[in-house]
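As they're listed, the protein sequences go chains A and B. Counting in the numbering used here, the first sequence tops out at residue 272, every number present. Counting in the numbering used here, the second sequence tops out at residue 1376, every number present.
Certain hints may be false.
[As the list claims (entries may be wrong)] Covered by chain A, per the in silico footprint, the following chain B stretches (three or more residues, Cβ under 8 Å):
| id | segment |
| --- | --- |
| 1 | 1212 to 1218 |
| 2 | 1235 to 1242 |
| 3 | 1349 to 1356 |
These are calculated hints, taken from the structure and not from any lab test. Just so it is clear, the structure is predicted and the values come from calculations on it, not from any experiment. Quick reminder that beta carbons are idealized off the backbone N, C-alpha and C, glycines included.
Read off the chains here:
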Amino acid sequence: MTDIRREAPPEQGTPVVSVKDVDLNFAGVKALSGVTFDVNDNELFAIIGPNGAGKTSIFNVLSGVYRPQAGSVTFLGEDLLGKRPHVVAGLGMARTFQNIELFENLDVVDNLMLGRHHHLGYGWPSAVAWLGRAQKAEIRNRRYVEEIIDFLEIEPYRRMPAGLLPYGVQKRIELGRALAMEPKLLLLDEPVAGMNGEETEDMARFILDIRSELGIPMILVEHDMGLVMDLADRVMAMDFGRPVATGLPSEVQAHPEVIRAYLGSPDPEEVA
Amino acid sequence: MTSTRLRGRPLVRTSYAQDMSLLNTPAKRRSTILIIIVSFLVPFIVTDDLLLVLTLGMISAVGAIGLNLVTGYAGQVSLGHAFFIGLGAYTGAVLGGDTDASVTGYGLPIYIWLPAAGVVAALAGLLVGPIAVRLRGLYLAIVTLGLVFLGDHIFRESRSLTGGPGVGRRGPDLVIFGIDLEESGVVLGLDLAREQRQFFMALVFLIIFAVLGRNIARSGVGRAFSAIRDRDVAAAVIGVDLTKYKVMAFAMSSFFAGVTGALYYAVVGVFEPSAFGLLLSVQYLAMVLIGGVATISGAIMGALFISSLGRISGEIAHVLPFISESSSGSGLLSVFQLEAILYGVLIVVFLIFEPRGLFGIWTRVRNYWKGWPFSY
Ligand SMILES: Nc1ncnc2c1ncn2[C@@H]1O[C@H](COP(=O)(O)OP(=O)(O)OP(=O)(O)O)[C@@H](O)[C@H]1O
Ligand SMILES: [Mg+2]
């Protein structure tokens, strides 16, 4: 490399992902404006905000699905803007979706194996011939997938089509597919939305385990305030596409702008 | 690997290799071996005219497996399959056919013209594939339909290669390992008629291409195809390059189509440019839909079934007095109209009642017998 970018691995303290002044518009709708934040190594960073605040839009910008009109996004020292989703995935960004996006006709193993797509290490000629190379790669990656199946306790569903499984299990499988990618940053879009108490606790446990056992930094979008306050290291609150407060969970929770965003108005009479 | 299967529990697998193998249950292994053995006996049981129907059905099955790769697995509906079959047919005929007064032919052997037919069609697929990146669903279907008209025009005009409309040309010569499949005689101690020889050839090619198709389907490539079909945004976000895999699906599918085109008309003999019209594309879609979307065995069943439909409607016409057996007959319907109606009705019936096609029916029958006498 001859450019000015650093060749050495990012030193400690360099953020994993760095978002600066990102604007995103859809035909007049300002989905994001001036969004700026960093996520550090091994950090669990949460994004909160009312419906339509732009949380999912941030994920879509990060994973290359949307291209912002202004600003910059840097991931592990690479400029992400203009990179297509599969390239971003190859750099180590994984995500789950707010509305489950599993491959519903494929079984659980195949869904997770698709998470291994970048790690397969064989191309179409080996696939067609299905000789030693492809077989060995499949077995190696299958082992990895089985470890994730163990980790997420989804053994009974292995060979069932993902689309037929209960909602809570599907959410877990989506997390598994993202983990199968061996991500360097994990984006979780409302992982406990629509779940009952027990399922929420399980999911919280998995998120904590991912952090302690796998050490993967995460961005968590969640409406469940209890969960956010318990898990997150730092929180960013959004309203109408712009960040209103970023800091420790307790600080953000007490921030007057955040209270206003959530209650609609500082005057309790107008809320009712 | 020295994995021993647990006795009496055939569904317990002790290694991932076993789980991923071509036929991963003993039942599948047994039934497939049985089917292959029976298939090799068929030529000694069945009459020659029916044998030809089955031979052409098996050759069509190769093309149906190909269409299933792009449409069934990757979810890209293509009405252009006839175009790729035509390209293969003419590549095969020009390279492997004889030169006569009106058309060019190089008289090359099958191990050149057959792969070349696949490769030429695949290259065309590579060119067409990028369209699928921009368009989806109905729009893609319409644009690929345009290919058929483009092909029709090119095939009509290239008289020195195709013979032109109303004249046509012969397909490539079918000689494998010095055995001329257009003649009868003794092979490996067996006195085989031309139809029997051709049947064996088609069966061997079908087995080869079915295995190749299955390999693609069970590999990372096939998984990527299915991911694109089910959820393209999610597929991209987990790392599947949509452009690359859509183009690959078209190229692979077209390779199968090209091989089918060359072999089919090697058996049929003389063919005309009009063979590669919309009807042919629709027939192949019917094979995939009726056989079973995204299964290799379904594509084979569908191809055999659709290929027999002409014969079946002929038999029906025989029985029903108001259907004439020629196109100019005096009946209410001609046998060709009956065939077209049967296509339409079958496609609609399968789409509504058994979207998983013949393969779905087969699975249900199998499960019924597995559980017999308990219905659960
Ligand atoms: N593809 C799109 N086209 C047009 N507008 C969009 C698109 N995606 C998002 N928006 C708009 O951008 C704004 C932010 O949407 P986004 O989905 O990011 O919100 P969110 O914070 O995730 O909300 P929720 O909590 O409901 O999931 C909304 O006004 C939405 O209508
Ligand atoms: Mg959202």
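Examine the segment 1212 to 1218 of chain B for residues whose CB is less than 8 Å from any CB of chain A, and state whether their number is three or more.
Since three or more residues must qualify, the claim that chain A covers the segment 1212 to 1218 of chain B holds, with 4 doing so at under 8 Å.
Given coverage of the segment 1349 to 1356 of chain B by chain A, tested with a Cβ cutoff of 8 Å and a minimum of 3 residues:
With 0 residues in contact (Cβ-Cβ under 8 Å with chain A), the coverage given for the segment 1349 to 1356 of chain B is violated.
Three residues or more, CB to CB closer than 8 Å: is that satisfied between the segment 1235 to 1242 of chain B and chain A?
holds (count 8)
In this structure, the one hint that does not hold is number 3.
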